[in-house]
Structures are given as C-alpha cells and as structure tokens.
Amino acid sequence: MVLLSALVLLLLLALLCHAAPMDPGAASSSSGARPPNPPGIQDLDYYYQYFGHDPNLRTLTNEELETHLNTLIHYEGTPLLFTDADDETKVKHTLKHYGNAWLVDPPTLEKHPRFQYRHIQNVMENNDEVLQHRASGTRGIQEYAEAALKFKSKHGDNALYLRYGRPFAQREDPEILGLGMPKIIKKLPFGRYKVPDLGKKKGNIYDLEKTGILHLRNTLDQHNYLRGYDSKNRLLGFALDKDGTVLFEELGQYHPRV
284 MVLLSALVLL LLLALLCHAA PMDPGAASSS SGARPPNPPG IQDLDYYYQY FGHDPNLRTL
344 TNEELETHLN TLIHYEGTPL LFTDADDETK VKHTLKHYGN AWLVDPPTLE KHPRFQYRHI
404 QNVMENNDEV LQHRASGTRG IQEYAEAALK FKSKHGDNAL YLRYGRPFAQ REDPEILGLG
464 MPKIIKKLPF GRYKVPDLGK KKGNIYDLEK TGILHLRNTL DQHNYLRGYD SKNRLLGFAL
524 DKDGTVLFEE LGQYHPRV
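Residue numbering for the sequence shown follows the numbering used here, starting at 284 and increasing by one per position.
Everything labelled a hint here was simulated from the structure, so no lab data went into it.
Using C-beta positions, here's what the derived DEER-type ranges look like:
| # | residue 1 | residue 2 | range |
| --- | --- | --- | --- |
| 1 | D524 | D367 | 28 to 36 Å |
| 2 | H498 | E408 | 36 to 44 Å |
| 3 | V406 | Y329 | 17 to 25 Å |
Here are the computed lysine-lysine pairs in the DSS-like style, where the Cα-Cα straight-line distance is at most 30 Å:
| # | residue 1 | residue 2 |
| --- | --- | --- |
| 4 | K373 | K433 |
| 5 | K435 | K379 |
| 6 | K435 | K477 |
| 7 | K485 | K515 |
| 8 | K484 | K525 |
Everything numeric in this text was worked out from a predicted model, so none of it was measured. Think of the CB as a built atom: it goes at the ideal place given N, C-alpha and C, for glycine as much as any other residue.
Work out the full structure, taking the sequences as your base and the hints as a guide.
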C-alpha cells in the first residue's frame, strides 16, 4: 500500500514538471508596457522621415471641412496638432487647407521628458510641391501647448476649441442703419466696439459637452460672448476682444435645472 502511494506521488510530480509554462505575453500584458498607438497616430520621427503628400486624399464635404477647421487648435494663426491625439489623416487635411502646421509631441516617460515640436510647410521646389521641416521655434509654443492641454483636461474639448481654436475675425464698430459711425462719434465710448461684460450678461447657458462645436462657435461669433458649463458644472464665460481674441472667465458654479 505504501509502495502504491509512493508511485502515485511520483507520477503527480512528473506531471507538474512537464506542465506547459505560462505564456510570457500574458505576464507582460499587465506589466505596464506601453500600448500600441491607435490607428493613424504617429510620432514626430515618422512625420520627419516618412510623411509626404497624398495625391489620393479624399476631398472633405463642406460640413466635414467646417467641423475639421473648427476642431483645430491654433497658435498665432497656425494650426497646432498633437501627435498623440490627431491622426495622420487630420494632419494631411490641415496641410491641404492651410499649407502649414505645428506638430507637437507631448512628453512621455518612454521617449522624452519635454514637449517637442516641428513646423511643417508646403513649399515649391523645381515646380514640385514638397514639405519643408523646421524644428526650431520659440518657447512660446511650448507654454501655449501646455496651457491648452491643461485647459482641455479641466474643461473639455469644446471649451478648448472655443478658447484656443480657429481665430475669430476682428469685431466691427456699431453701425446706424447699416452705415458706419462718423469719425467724431467713433471717438465717443458708445461709438466703438465694447467687450461684453460676462458678469452682467443673461440669456442662454449651454451644456458645452452636449452642444455641437459649430453651434457654439457661431453663437460666440454672432453675439460676441457665450456662457456655458462644463462636465463639473463650472460656469464658463467666453467673450471676443476687438481684434477677435477670445477672453475667458470662470463665473462660479452652475446648477442646471433638472
């Protein structure tokens, strides 16, 4: 009986020793390894070495183009795209429409601790359109990109596109019956454009997360101001300065009616 038990024990040990080893891929999947980039997402090295013109790029419809233009961050009038969020197709359409763009690579633990950026521009060379790259720039673009990402993290995408997005046109001075004010009237306070006082404005308050960006931007462009609340019910105010610059102000908490 003892001999039989010993044989059974030896058999069990042999089976355990020959068990299939654990799949190393299964272990690495939970080890914090960096996941692959989403489809179309590329880094700065790719844009420098491999990116080029696409003769087969689909033409956007008018509606698609409006959405594209109004969901771009701009730095001093030039589109700014983040390589970890904006895919290659968006970069191509931006270049097709604007002719130039800033590409910003946010800092990562795996690659580099600071923002990296590159300016790309369409130029003519021997009757051919080629891409010109410029890695140098001002410190201002790094500070701008950092501020934009922090603002997005706090208030969401649509608030970002209102404050940091496509530039608005210069504001016009008041008119009388469609005619411009006489010069002598323009020298008076009521004869010049006045920035709306967000603290005194009434009217619609928009859910920035649920309202379309085209409607939000058209409203701001038409009325020169807009009020809305973000996902944390913070009441935000946007107003246009004389030159079209977007002014921003936090107006406290908002309690929407249920």
